[in-house]
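Colleague: What follows is the residue order along each chain.
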Amino acid sequence: MNSQNETGAVGKRMLRVMAPAALLLWAFMAMGTTGTASSSLDGHYSSSGHVLLSDGTTVKVSQSLVFNKGRFYSMTRNAPAIVEASGRLETDLLGRASLVVEEGQVHGLGPKDQMDDELVFNLFYGSHKGARITLEQVGACLYGVETRQVYCADDHPNRG
Amino acid sequence: MTSSLTPPATDALICHLLKTGRDGCTARFDRALFQLVLTHDEHEDTLDLGFSGSRVLERLLQVPGEVVSREELMTYAWEGRVVGQGSLNQQIYTLRQALFDAGNQIIQTLPRRGYLFNPQYLKVDQAQPSIKAAPLTVIAEKHGAVVMDLPAPSATPKTEQPKAARRYRSWQSIALAGSGMMVLLGLATLGFRLASSSAPSFTQTVDVGALEVLYVEKSQHLLDSLIKETGLLVDTMSNMSAEPARLIVNMSPGFYEIRCLQGDGRVNWLKVHKSRVQTISSDHLQECLQ
Numbered sequence: 000m001n002s003q004n005e006t007g008a009v010g011k012r013m014l015r016v017m018a019p020a021a022l023l024l025w026a027f028m029a030m031g032t033t034g035t036a037s038s039s040l041d042g043h044y045s046s047s048g049h050v051l052l053s054d055g056t057t058v059k060v061s062q063s064l065v066f067n068k069g070r071f072y073s074m075t076r077n078a079p080a081i082v083e084a085s086g087r088l089e090t091d092l093l094g095r096a097s098l099v100v101e102e103g104q105v106h107g108l109g110p111k112d113q114m115d116d117e118l119v120f121n122l123f124y125g126s127h128k129g130a131r132i133t134l135e136q137v138g139a140c141l142y143g144v145e146t147r148q149v150y151c152a153d154d155h156p157n158r159g
Numbered sequence: 000m001t002s003s004l005t006p007p008a009t010d011a012l013i014c015h016l017l018k019t020g021r022d023g024c025t026a027r028f029d030r031a032l033f034q035l036v037l038t039h040d041e042h043e044d045t046l047d048l049g050f051s052g053s054r055v056l057e058r059l060l061q062v063p064g065e066v067v068s069r070e071e072l073m074t075y076a077w078e079g080r081v082v083g084q085g086s087l088n089q090q091i092y093t094l095r096q097a098l099f100d101a102g103n104q105i106i107q108t109l110p111r112r113g114y115l116f117n118p119q120y121l122k123v124d125q126a127q128p129s130i131k132a133a134p135l136t137v138i139a140e141k142h143g144a145v146v147m148d149l150p151a152p153s154a155t156p157k158t159e160q161p162k163a164a165r166r167y168r169s170w171q172s173i174a175l176a177g178s179g180m181m182v183l184l185g186l187a188t189l190g191f192r193l194a195s196s197s198a199p200s201f202t203q204t205v206d207v208g209a210l211e212v213l214y215v216e217k218s219q220h221l222l223d224s225l226i227k228e229t230g231l232l233v234d235t236m237s238n239m240s241a242e243p244a245r246l247i248v249n250m251s252p253g254f255y256e257i258r259c260l261q262g263d264g265r266v267n268w269l270k271v272h273k274s275r276v277q278t279i280s281s282d283h284l285q286e287c288l289q
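For the record, the sequence lines run as chains A and B. Just so you know, we're using numbering that gives the first Met the number 0 here: the first sequence kicks off at 0 and counts up by one. Just so you know, we're using numbering that gives the first Met the number 0 here: the second sequence kicks off at 0 and counts up by one.
Simulated from the structure, these hints should not be mistaken for laboratory data. Computed from a predicted model, the values in this text were never measured in an experiment. Every clue listed holds true.
Straight-line alpha carbon distances no greater than 27 Å define the calculated DSS-like cross-link-like pairs of lysine-lysine that follow:
#1 A:Lys11 <-> B:Lys18
#2 A:Lys11 <-> B:Lys122
#3 B:Lys18 <-> B:Lys122
#4 B:Lys273 <-> B:Lys217
#5 B:Lys273 <-> A:Lys59
#6 B:Lys227 <-> B:Lys217
#7 A:Lys59 <-> A:Lys128
#8 A:Lys68 <-> A:Lys128
#9 A:Lys128 <-> A:Lys111
#10 B:Lys273 <-> B:Lys227
#11 B:Lys273 <-> A:Lys111
#12 A:Lys59 <-> A:Lys111
Using the sequences plus the hints, can you model the full thing?
Modeller: Spelled out as structure tokens, the structure:
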């Protein structure tokens, strides 16, 4: 009986440790996927650049992105197409941010437009519901890994 | 007092010390005197249970954790007499009152089956060193209290464990296993997330004139190809720039990407289709550097 009681006491003590540990671990995991830690990114980001297509023509591309309270709104003008998307901003356990698209649309892209397939793919990917775009820091800018887009903070403190 | 029913050895799990429903209060059952001696803060109170009440408790304590039917209790407590069901009810009520068993946790009722004494309320007498040495023997204390010591743990078959205790332990085991699984699953998910979020990349920094060029790719092979294929383009940009500047060059499907990092933190960028890397105009390169 004594050894059984001791076993029961050990089990009870282990349960007292394990159950809160499991709860804390899962709470930590849940916190790592919410947008609460990403409010530091709030603001307006944009960039523009040129794309030299395979047919030798050059297209000017401009991109805008706004973060507000864990959500994002983006617009990409890739003449003649315009892509808009919105969704939520998530940060993982390492603090790396990613965009999760909830709504998106492509306007003005016709079948006759001469645009390389890789660019069209990126445009559609960025507007597809459920798409995840990982953001990486490049200087004062954010780089969308999957869509190859660059967004720079418009109110960067070092800007002259 | 003599007992007409000698409990079999396997059923003889009786302890003379009992816990009560009140904290710090224990009870010693004195079978010979039909008494319960309650001890609380070194103060003792003696309660007379009477012959029938004493016999009811005695029979329940012979098989703690096992159900004793009403008929058997009545036969044992009122041997040779015909009494109504109410008599047993009254004795059970009195015993519960004596043991401060307000929640019916010590003497438990099993509807249509009988009663059982909860083995968790048995208190092993620590002052009996002879318990292990002489299992299953009956010792008369100087006050005549019944002491039936517990068998050594190793000698106790698992089937003799009280059902309530076994139920509790199995519930505890399930909860423990569940918590352990949750912790393991959480750690595995955490490890997977950490492993999957760290995308390894190969980088190489090359100084070309005033330019500091950082090449980024997913493998060393692709990195070597990138440096080789964009060599002319980077040389051209180097000739254009007298000021120190930083470039990041990488490959995306179908295109080379050149990002020119500015002093204010901004980035100018340029994408060149792979088939056009040799024919890009210097205007676009200049625009990236400015």
